[in-house]
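Construct the entire structure; sequences and hints are all you get.
Numbering (the numbering used here), first residue to last: 1 to 183.
Hint data in this document are derived by calculation from the structure and do not stem from the laboratory. The model shown is predicted, which means the values in this text are computed figures rather than measured ones. Watch out, some of these pointers could steer you wrong.
What the hints assert, rightly or not - Ranges between beta-carbon positions, derived for each pair: (1) G47 to I98: 19 to 25 Å; (2) F114 to R14: 32 to 38 Å; (3) D127 to V6: 37 to 43 Å.
C-beta atoms are modelled at their ideal positions from N, C-alpha and C, and glycine is treated no differently.
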Amino acid sequence: MPLVVVERFQHTWRGYLDSVVRQAANRDRKRILHPEEYLAERVNNIGAWPCYAIGEQCARLNIPHECMEHPILERMRTCVSHLMTLTNDLFSYRKEKIANDSDYNAITTVMVHFHADLSGAVQWISDRHEEVLVLFWELREKVINKDGFPSWGPELDWQIIEYTGVLADHIRGNYEWSWHTQR
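Okay, structure coming up:
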């Protein structure tokens, strides 16, 4: 396994664990975050970033940190995490509400901070999901077409395009998981 992939996994795993501790503290305090703050926090505690490193390994990629730290790839990863969060929260809200554990859910954050009813919150999440999904595909096109995204040579360019496919697979995989699990 390439050292850069191991390093990325370790770094993102630490970020995930730290964010889970913050999530637990917010839950203990019954703190309902603003939707933007909530999504920013969920970027790490949805658990996707370590999975991206696993996806790199599965695809046998060896992309240097300097490439992976490009702002477009960072934004793509954030988009995937937001999409996973929004999808997860739509599917899990009913179960969480029944269990009296829905304070850490995008639906609740929207209802509380935007004074929306359930329908309005679901609409906000649906609209936000669509906006983020469109942004993800626009960013992927920028990578593929080298529009504001540098070339690092044919081999790395190919690997980076493959990596954007790994990210897209996470979006689809999350949909499949959400549709096929009981909640």
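Hint check:
Against the hinted window of 19 to 25 Å, the Cβ-Cβ separation of G47 and I98 comes to about 23 Å, which satisfies the hint. One distance hint, 32 to 38 Å for the beta-carbon pair F114 and R14, holds here, with the actual separation near 33 Å. For the pair D127 and V6, the beta carbons lie near 39 Å from each other, so the given range of 37 to 43 Å is met.
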